[in-house]
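Here are the chains, one letter per residue:
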Amino acid sequence: MIAAKRPSTVVDAVAHTIVGQREVVESLILGLIAGGHILLEGVPGLAKTLACRALAAAIGGEFKRIQFTPDLLPSDIIGTRIFDQRTATFSTVRGPIFANVVLADEINRAPAKVQSALLEGMQERQATIGPESLAFPVPFIVLATMNPLDTDGTYALPLAQMDRFLMKILVSYPSRDEELAIVERFGADVPAIVRDVAGPADIIEWQAEARRVHIEPSLREYVVEIVRATRDPRASPYFETGASPRASLALVQLARARALLEGREFAIPDDVRRLAPAVLRHRVQFGHRLYADGLEAEDVIARTVGAVRAP
Amino acid sequence: MVRSTQPLASCFLACALVFVCGELRAQELPRLHVDALAMHADRSVAPVAGAIHVTIHVHVREHVTNLDDLVLPDLANLQILGDERRMHQDADGTDYVETLTVTGLQPGIGHLTPAHLDAIDARTGRPSRFSSNELTIRIEPEGTLAHRTDWRPLAWRAVLMAAGIVAGLALLIALIRMRYVRAREPARNAPPVAILALPRFEPRPALERALAGLRSRRTRDEAFATRFALRAFAGARNDETLDLLLVRLDGSVPALRAALRLAERAAFVDESRLQLGIDELIAAVERVLAQ
Chain A
27 MIAAKRPSTV VDAVAHTIVG QREVVESLIL GLIAGGHILL EGVPGLAKTL ACRALAAAIG
87 GEFKRIQFTP DLLPSDIIGT RIFDQRTATF STVRGPIFAN VVLADEINRA PAKVQSALLE
147 GMQERQATIG PESLAFPVPF IVLATMNPLD TDGTYALPLA QMDRFLMKIL VSYPSRDEEL
207 AIVERFGADV PAIVRDVAGP ADIIEWQAEA RRVHIEPSLR EYVVEIVRAT RDPRASPYFE
267 TGASPRASLA LVQLARARAL LEGREFAIPD DVRRLAPAVL RHRVQFGHRL YADGLEAEDV
327 IARTVGAVRA P
Chain B
111 MVRSTQPLAS CFLACALVFV CGELRAQELP RLHVDALAMH ADRSVAPVAG AIHVTIHVHV
171 REHVTNLDDL VLPDLANLQI LGDERRMHQD ADGTDYVETL TVTGLQPGIG HLTPAHLDAI
231 DARTGRPSRF SSNELTIRIE PEGTLAHRTD WRPLAWRAVL MAAGIVAGLA LLIALIRMRY
291 VRAREPARNA PPVAILALPR FEPRPALERA LAGLRSRRTR DEAFATRFAL RAFAGARNDE
351 TLDLLLVRLD GSVPALRAAL RLAERAAFVD ESRLQLGIDE LIAAVERVLA Q
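Residue numbers (our numbering), protein chains in the order written: chain A, 27 to 337; chain B, 111 to 401.
To be clear, the hints were calculated from the coordinates, so they are not data collected in a lab.
Since the model is a prediction, treat every value here as computed from it, not as a measurement.
One thing to keep in mind: the hints can contain errors.
What the hints assert, rightly or not - Derived contacts from chain A toward chain B, CB cut-off under 10 Å, selection only: (1) Val239; (2) Arg260; (3) Gly332.
As the list claims (entries may be wrong) - Far from chain A, some chain B residues (derived; all Cβ distances over 10 Å): (4) Pro224; (5) Arg239; (6) Leu270; (7) Met271.
Unchecked claim - Chain B residues, not near chain A, derived (Cβ > 10 Å throughout): (8) Gly192; (9) Val207; (10) Ala342; (11) Asp360.
Glycine included, each C-beta is placed from N, C-alpha and C at the ideal position.
Let's have the full structure, built from the sequences with the hints guiding it.
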């Protein structure tokens, strides 16, 4: 069965609210279709939160925002049990993680214990509160933001935890024309958010369709070669730790999702090439040589991906 | 008397280790049809400090991205100035050309040992070493060559040129015969073949050949070969994916753009839609060639 509504309608709906940032908007939909979580990195004021809110509205899902702070506790995310004196029983109060779209704002501002609680939930898609194990609603996506500035007093996510995110998107400043459009469109009014262009059932159907997208064996080899290149000192001497096989799996999932978004029933090398930097950038570590040679991590990743011959 | 079995066990262990290492090494080797492995220099006599270009050419039938197991020749008393690698793929396989720029710092004779390539011979399935020919280069004291050319009469040059043409023809005949013999009984080691110059790649005839191949054998491999020929026809670089290529090509070639998209479809679509994809690709390439 093919869902009547197509993923591109959600992209258009979110793009109606967000000026520019087409890649960010598409990445949010791709993450949703691929069933993964997304890390967004960018300075404040680039409409990261608005994009997440617009995504939740477009798919008719529940949206929750958690502002991570140093004094946050795991129970503030997951939920807790409260004793009701009238009935003399405990009742479960679900935390904000029980939503379709969860925005973990400035995830690196909370200590490791809280980050772990969130990441565990992301992995398991359920949480245990007291004796009860409660499943999260479907679809479920966590969009975590990180501010690359003001890193004093933050708790950097370890590589093993970063690996849980399907992709990391860098949110950049809009172009001059885009910024002009933002001022014109939202100068006085509250941004208009388009609602319910698709429903949770459509997302579940798209996820199933994406799993059926054909990936030719030569393309699978291409994916593996790209990921392995980050572990091969001959390909690039700048990587200290390469990406894990989870990166290969993520790249295949996302290539399928992109093919579906573009209305294809098969993935092509472009899908892999376009998404590889977003899949790899948070899964690798660079050695001191990168800084000694005055290079940018993004350039090294792009060069490494570009050096692998596409089928 | 008690005889110790320790030396015997050590010996056995060492043998086993060598055997296992050999097996592991063999398993790592690429599986290749090596059609040619040749080495030639642009000059056999050079003055001291004069640049000599030594070219190693390998042709394999597979589409490979590297030939890590190719071992370059020992340059003896020559000094290396530069190393340039080129790789070209077409429907026939992959041509790998590595050009070493070397120079002699002392007068004398420089012997270049054969370049060799370790691979699993796809004809026999066995690990094999393919070797090229040897080369000998004479380094002469500075000024000697210039002096010689001064008195050499034009007639002598003409004789040399004629001899060169005859030798070239003889080599061509030998190559054709060698190919014929190889087709009859596959050899374990590909014989070294001296290639004087790489054939020039012509995109249009290559696309026509690929299209003919696709018409006669409607397989995914042929679809891939046609896609490759079409990309070459469009002037695609090795690192260009479809999106990048379409951005570079302007809108003045709509037929070519459509054909490139359909080539991608035919190459990567699933088996149930492959034949339809091939039909569309054939029609699109015909339109491109008709223009």
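*Measuring from the C-beta of Gly332 of chain A to each C-beta in chain B, is the shortest one below 10 Å?*
Since the shortest Cβ distance to chain B is 5 Å, the answer is holds.
*For Val207 of chain B, which was marked as not at the interface, is the minimum beta-carbon distance to chain A over 10 Å?*
Check passes; 17 Å lies beyond 10 Å.
*Arg239 of chain B: least C-beta distance to chain A exceeds 10 Å?*
Holds, because the least Cβ-Cβ distance between Arg239 of chain B and chain A comes to about 23 Å, which exceeds 10 Å.
_No chain A beta carbon within 10 Å of Met271 of chain B's_ = Holds: least Cβ distance 41 Å, greater than 10 Å.
_10 Å Cβ clearance of Leu270 of chain B from chain A_ = holds (43 Å)
*Report holds if the minimum CB distance from Pro224 of chain B to chain A is greater than 10 Å, and violated otherwise.*
holds (25 Å)
*Was Ala342 of chain B rightly flagged as not at the interface, with every chain A Cβ beyond 10 Å?*
For Ala342 of chain B, whose nearest Cβ neighbour in chain A is about 14 Å away, the distance exceeds 10 Å, so it holds.
_Interface hint check: Arg260 of chain A, Cβ to nearest Cβ on chain B, cutoff 10 Å. Holds or violated?_
holds (8 Å)
*asked:* Can you verify the interface hint for Val239 of chain A: is its Cβ closer than 10 Å to any Cβ in chain B?
replied: holds (9 Å)
*Cβ separation check - Gly192 of chain B to all of chain A, threshold 10 Å*: holds (20 Å)
*asked:* For Asp360 of chain B, is the shortest CB-to-CB distance to chain A above 10 Å, so the non-interface label stands?
replied: Non-interface label on Asp360 of chain B holds, nearest chain A Cβ at 19 Å vs cutoff 10 Å.
Every hint, counting from the list given before, is met by this structure.
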